[in-house]
Amino acid sequence: MKGFRIGSGDRAKMLRGIALAGTAMWGFQASILYAQSPASSAAANEDGGVAPDIIVTAERRATNLQDTPLSILAVTQEMVEAKGIQDLQDLSHFTPNLSISPTRGTGNAAANFVIRGISGGGGAAGERGVALYLDGVYMPRTSGAVLRVLDVDRVEVLRGPQGTLFGRNSTGGAIRIFSKQPSDTFEGSIEGTVGNFGHVDVIGSLNLPLGEGFAVRWQGAFLDKGGYVSRGTQMLGADRDYIGRVQLRGELTPNFTATGSFLYNKSESNASPFVIQEFDLRPGIDGVIQGNYGGWLNDAFKAAGQAPIAPYNDPRFVKGPYAASDVCFLDNFNPDYSSACDQTNNDKFWQADLKLDWKIGDKVSLHSVTGLSKLDHRGMNDQEVIGFERRYDIITSKVFYQELQLNAALFNDAIDLVAGGTYFHEKSASPYNYVLNRRGTAVYNNTTYFPTSGSPPNADGGLYTRGITDVFQTSDSWGAFASATWHIIDGLNLTGGLRGAWDHKDYTQNRYEPPTTAYQAADFKVVPGTALSSASKSQPFRALDYRVTLDYHFTKDIMAYGTISKAYKAGSFSATLQSGGPTIQDSIVSTIPNEKVINYEAGLRMTFLDRRLRINPTGFIMDWTNRQAALRVNCGTPGTPVANLVPGSPECSVGFLPLLQNQGDAHIKGIELDAQFVIMRGLTLDGSLGYTTYRLSNQPAGVTHLFPDIPKHSYTLGATYSGDIGFGKLTLNGNYAFVGRQSVYPDDSADSGYILPSYGLVNARVQFRPSGLPLTITAYANNLLDKVYATYAQRFGGGFWDQGPATGLGTPPRNMLSVVRGRPREVGFSLKYEF
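Take 18 as the starting number for the sequence shown in the numbering used here and just add one per residue.
Be careful, since some hints might not be right.
Unchecked claim - In the SDA-like style, the derived pairs of lysine to any residue whose C-alpha atoms are separated by at most 25 Å in a straight line are:
{"#": "1", "residue 1": "K729", "residue 2": "V805"}
{"#": "2", "residue 1": "K197", "residue 2": "L792"}
{"#": "3", "residue 1": "K746", "residue 2": "R786"}
{"#": "4", "residue 1": "K391", "residue 2": "K444"}
{"#": "5", "residue 1": "K746", "residue 2": "L690"}
{"#": "6", "residue 1": "K444", "residue 2": "I605"}
{"#": "7", "residue 1": "K336", "residue 2": "R786"}
{"#": "8", "residue 1": "K542", "residue 2": "S604"}
{"#": "9", "residue 1": "K391", "residue 2": "F239"}
{"#": "10", "residue 1": "K729", "residue 2": "L778"}
{"#": "11", "residue 1": "K283", "residue 2": "W367"}
{"#": "12", "residue 1": "K444", "residue 2": "M397"}
{"#": "13", "residue 1": "K573", "residue 2": "I696"}
{"#": "14", "residue 1": "K729", "residue 2": "G777"}
{"#": "15", "residue 1": "K197", "residue 2": "S385"}
{"#": "16", "residue 1": "K197", "residue 2": "D107"}
{"#": "17", "residue 1": "K391", "residue 2": "V233"}
As the list claims (entries may be wrong) - Label pairs and their calculated CB-CB ranges:
{"#": "18", "residue 1": "L702", "residue 2": "V233", "range": "38 to 48 Å"}
{"#": "19", "residue 1": "T608", "residue 2": "E98", "range": "41 to 51 Å"}
{"#": "20", "residue 1": "L383", "residue 2": "G517", "range": "43 to 53 Å"}
Keep in mind that the hints were calculated from the coordinates and are not lab data. Since we're looking at a predicted model, the values are computed, not measured. Beta carbons: idealized from backbone N, C-alpha and C, even for Gly.
Use the sequences and the hints to build the structure in full.
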């Protein structure tokens, strides 16, 4: 991707451009106001043909979206229903510069969150760059329930660093999910949905007043989305959730309210829907896929009396856009598929939280949030999807979160103050994760770069295990923050805020020696007489985040702002235990310092035509330093050691290993535009646009990685019509979401396989509410044009797990390219009964 330079000139040009646009828009608005009479304005308000006000709490107090000097996308329950948003992945299709996608192998169980290109994290010890809050409680790891948008009041997506008010791990931004709260109105609903690919949902809710000031709310759901990529007897891409939640709210006094909530989710899915797109073994000799794997595949085919792998796109592997290879070798050496190769990802998650609101006086209030949560994830996956391996993936997380927040209006409302503190505690673990592999007897030759026949030839080498590892981490984080908005004069406001953060982490990694087989020595050795090798480290991390914002209302309908803000992502650890080394290897643990992002942002919030037209442009430049990312170390090619990892050593003898370290700096700049136009009563157009580009600098020696997960262009277009047709109300919605081409793997090998093509998706919904009946009937079509697209790619062989120099790989390199296939066209109906 073409780079750019950033300096004070870039920031000055962006701010001048925003200011000039604001001046021009002020003149445009003045002419519009002059042309419109008070009568027309009143009529617009009476007939409801205006863009609705949206109240957000992104500044830790309630403000109108159009008066909030931040880049925010706020989605209400009405928008969720109109656009058919079922989960956060759907939401990301309507949010420029936001991407939420399944990760390799584990799918939605560990979804990747990206805002303005900033992401990161994963596993039991990784940290995300996007903070996620569920009803005010910070969530360091996700499960299927968290991704579902169920019985929500609203979702707020805050783009750009949010360190001052939201603390750790908000370098890219924050996503805040607010569920509907108990109310004094008796109401409820039950909804059923059926669709193709075995889609069946049943959702119910009930709100029950318990007396003056007290109410309880229940929600329950069974959500079942069938898979759409066939692999043997499985359909990959399937998700099933069982969700239950109860909330109790009580006004204990006229000024004191308590709300308790408990959420439970059981999520069952299989795996990311990988399909092999290209299988290239030209010029036709026995294959070189991940070194020995090509030879082992041919061992198995020949032992079963089948032909060896075809030179190009063998039909046993490349089977079409929605079919994965169904060979399986985990039960025996016969290629026929077996349930032994079935993949699973199962989560159990619960969260209990208590919110206390105390109105101390007319202008002072105190808010408390206390949360407990537990996540238990267990998965079995095959990343190569050729039936030779099973990766056991276990992650557990226990979280305690406490927040206190004081809001006050001072000096006759001249200053709005919010101040408080947070405490976060997590115990996370990945206990006894390992890889189970089947092998043939062929042996990869590091001199000729081809496999040679084993003894006996074309025979089963047996099952073996490798990479048996524990990871345990305890994290504690304390934060204290204060932010004040000074209303200098009418329309001119200055906001300043600071947050101090104190983190402490305890990290332990254990490595075990696996049992040996007749053909494979253990990939890791421990000291004789001991059970494992271990490394531990404790480390404090400190950070100071800030925000300074100046906003000015040219009129009540046009506001311009400029801001400088900073956020940090907590530091981490990296370690690769040495085979045959001492039992205690604490010295090999490397500390990865905090990464930080400084954001320079300016924007306009504009409403025209009697609130019918809303246009919100934002421009930003971000300096991302000490970027935490995984460096790929090619183990099959002996070479220069990287940190404490030595290619060719027993612990790095085949394939590759990721090594976490600071990867230098990234300079990002881009724009965001959100717009809504109410053409007439009942007819609304909406659209959004995102553009992001970057340049890397200060890369470590020998590292020339690309910056992943960031499409340069994205945009959405939508239209909604709602009107009375005599015997009921009809609502029509259509939308188009475009995602530009993007790199999905941090390597600059110019490998086109890792550059996903751009794609656009068309969705449509028809909703009907019969007059006099509490029913809503909906027909929907997602990906209406049945676009075939991919959301991730990986390559094994040339360009991914190289074995030997390029001359040994042949031309072109022998390799296997697989992609995660996006969902095809989905159609269905739903019926909702409200009471």
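Consistency of the hints with the structure:
Only pairs whose Cα atoms come within 25 Å are accepted, and K729 paired with V805 is accepted, the gap being roughly 20 Å. Distance hint between K197 and L792 is fulfilled; the C-alpha atoms sit about 20 Å from each other, no more than 25 Å. A threshold of 25 Å between alpha carbons decides the hint, and for K746 with R786 the separation of about 5 Å falls inside it, so the pair holds. Annotation: proposed proximity of K391 to K444 holds, straight-line Cα distance about 10 Å (limit 25 Å).
Distance check on the hinted pair: K746 and L690 sit about 31 Å apart at the alpha-carbon level, beyond 25 Å; violated. Distance restraint check for K444 and I605: the Cα-Cα separation of roughly 22 Å lies within the 25 Å cut-off, and the hinted pair is therefore satisfied. Between K336 and R786 the CA atoms are separated by roughly 44 Å; this puts the pair beyond 25 Å, and the hint is violated. With a CA separation close to 18 Å, the supplied pair K542 and S604 stays within the 25 Å bound.
Annotation: proposed proximity of K391 to F239 holds, straight-line Cα distance about 21 Å (limit 25 Å). Annotation: proposed proximity of K729 to L778 holds, straight-line Cα distance about 17 Å (limit 25 Å). In summary, the hint linking K283 to W367 is supported, as the alpha carbons are separated by about 9 Å, within the 25 Å threshold. At most 25 Å may separate the alpha-carbon atoms for a hinted pair to count; K444 and M397 meet this at roughly 23 Å.
Between the alpha carbons of K573 and I696 the distance comes to roughly 21 Å, so the proposed pair stays at or under 25 Å and holds. The hinted pair formed by K729 and G777 meets the criterion: a straight-line CA distance of about 14 Å does not exceed 25 Å. Distance check on the hinted pair: K197 and S385 sit about 18 Å apart at the alpha-carbon level, within 25 Å; holds. Between K197 and D107 the alpha-carbon distance is near 20 Å, which keeps this suggested pair within the 25 Å criterion.
Proximity of K391 to V233 is assessed by CA-CA distance (about 23 Å); at most 25 Å being required, the pair is judged to hold. L702 and V233 have their C-beta atoms about 40 Å apart, which keeps the hinted 38 to 48 Å range intact. In this structure the supplied range 41 to 51 Å holds for T608 paired with E98, their Cβ-Cβ distance being about 48 Å. Between L383 and G517 the Cβ separation comes to about 20 Å, which falls outside the hinted range of 43 to 53 Å.
Checked against the numbered hints above, the structure violates hints 5, 7, 20; every other hint is satisfied.
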